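Given the coordinates of chain A, assemble chain B onto it according to the supplied hints.
Listed in order, the protein sequences are those of chains A and B.
Reminder that position 57 of the first sequence reads as 57 in my numbering, one-by-one numbering, no gaps.
Reminder that position 175 of the second sequence reads as 175 in my numbering, one-by-one numbering, no gaps.
Everything labelled a hint here was simulated from the structure, so no lab data went into it.
Values in this document were obtained by computation on a predicted structure and should not be read as measured data.
Built from N, CA and C at the ideal position, the CB exists for glycine as well.
Hints should not be assumed to be uniformly reliable.
A few chain B residues that don't get close to chain A, going by computed Cβ distances all over 12 angstroms [stated by the list, open to error]:
1) 19
2) 59
3) 71
4) 172
When the alpha-carbon atoms are kept at most 30 angstroms apart in a straight line, the in silico DSBU-like pairs for lysine-lysine are as follows [claimed, not checked]:
5) B/88 to B/170
6) A/95 to A/68
7) B/5 to B/28
8) B/157 to B/173
9) B/5 to B/30
10) B/88 to A/39
11) A/180 to B/88
12) B/88 to B/173
13) B/88 to A/38
14) A/86 to A/120
15) B/88 to B/54
16) A/68 to B/88
17) B/53 to B/157
18) A/6 to B/88
19) B/173 to B/53
20) A/6 to A/180
21) B/170 to A/151
Some chain A residues close to chain B (C-beta under 8 angstroms, calculated; not the full set) [as the list claims (entries may be wrong)]:
22) 25
23) 27
24) 28
25) 31
26) 33
27) 37
28) 300
29) 301
One letter stands for each residue in the lines below.
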Amino acid sequence: MGLSRKDLLGIQELSVEEIQLILDTAEPMRDIIRRQIKKVPTLRGKALINLFYEPSTRTRTSFELAGKYMSADTINISTSTSSAVKGETLKDTAKTLEVMGADIVIIRHGAAGAPHILSKHLSASVINAGDGFHEHPTQALLDMYTIRERKGQISGLKVAIVGDILHSRVARSNIWGLTKMGAEVCVIGPSTLLPPGIAELGVTPFTSLEEGLPGADVIIVLRVQLERQQKGLFPTIREYARLFGVTAERVGMAKPDVLIMHPGPMNRGVEIAPEVADSVHSVINEQVTNGVAVRMALLYLLAGGGGPHEAIG
Amino acid sequence: MLNEKTVILDADGIRRALTRIAHEIIEKNKGVNNVALIGIRRRGVPLAERLAKKIAEIEGRYVPIGILDITLYRDDLTTITHQPVIHKTEIAFAVNNKVIVLVDDVLFTGRTIRAALDAIIDLGRPEAIQLAVLADRGHRELPIRADYVGKNVPTSKKEIVSVYLTELDKKDKVVIEVDTA
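The shape of chain A in the complex, shown without the other chains:
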């Protein structure tokens, strides 16, 4: 059994079985990262291109390392150094990469749906590394992996997602993934940052931490994009921190063994208190390691397959 799809564009279209397969495959990958020789020959001869139209450190590095640990050749392209500044269209850039021999194109783009357009024009596999406010599927997969590893299962857990839900592709991918896997999800944030109709995705919205946190098994703290404040969506950073900052005192309202997660990069002292980020509840660093494992699993699952089946003996 494998993934019977060419691309990974979002969590929304994945089945529970597919999510489970990706998470199961990530487990042996995690062991490879812990080894002294972090290299397996699996994707030897495959070319992997990171095409990033938005800044990123951890997602891009994570994909690059995942590819390198699997022996693929990885290349990074960021828009500031690419022909995009000369006016080349997304489609033409990607087509150029494909005819150079790219097998997998990993794309991050400010516009929702950009990876979907690419996937229609390329025979190479396309992985969405974040598109606009839409989806960030590999982040949700690594979050689910981390939760499953720590809690044993996802089904039946209460997960609170805190922060700017409106502009968060991490929140959207996690909502689709976690509800599929049987978790009970609530979203907490100022009403200006909760999208209207969010309840239709099967989550409960709250406008205060005091309402949403009690009984939580997992708290996913989202990054507050400081530029949102200039748009008047919340009055001041200080007020946001006072009302929605996840502090040690507020963590006390959740279950005693609650997990604290954050996709990074963190604004310490704004959405998350430094003592919470560094507490025993925090699995923020594990998330980063698991991200590499989950991406290795995905590369393996998307890049394999071909001719007739032959057993080796």
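Below, chain B without anything else, positioned relative to chain A:
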């Protein structure tokens, strides 16, 4: 449909072959102080466990056992249609300077063993790697041979040698089968 043609080893035959191999491993390595067994998934794993038990009965000492999944090291990953599911490699001891005895059910083309050798060498530098198999059916495609063989089985390439073990298949048997589909 797989039709059974010949029984090569029955339950007693498997037991006797493993007893002999256990003795050979001890003899060849002059004891088992530095020996560790690594079973290749799937059927090499119960075979390694049985060998470890037999060695313990003889020498009074359990040797470490590891489990190896060679999927990531296969040379045919890009050409096969059905993508194999990857399982965990569980080797809890350092392979450095140990004598590693790889254990598998059937030795055929030698490609699994080639992959296993690469996988082990990525974990460290053993003093030596030896190979124990329950059945050697010939038709090697690589310069690889076994140090310990339960039974040599002359086969045609069309025949299938199947190993059934109680731990996985509820019976102990090695048979030659023919695909009649």
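Q.
Hints numbered earlier in the text: which of these fail when held up against the supplied structure?
A. The structure breaks hints 3, 7, 9, 17, 21 and 26; every other hint is satisfied.
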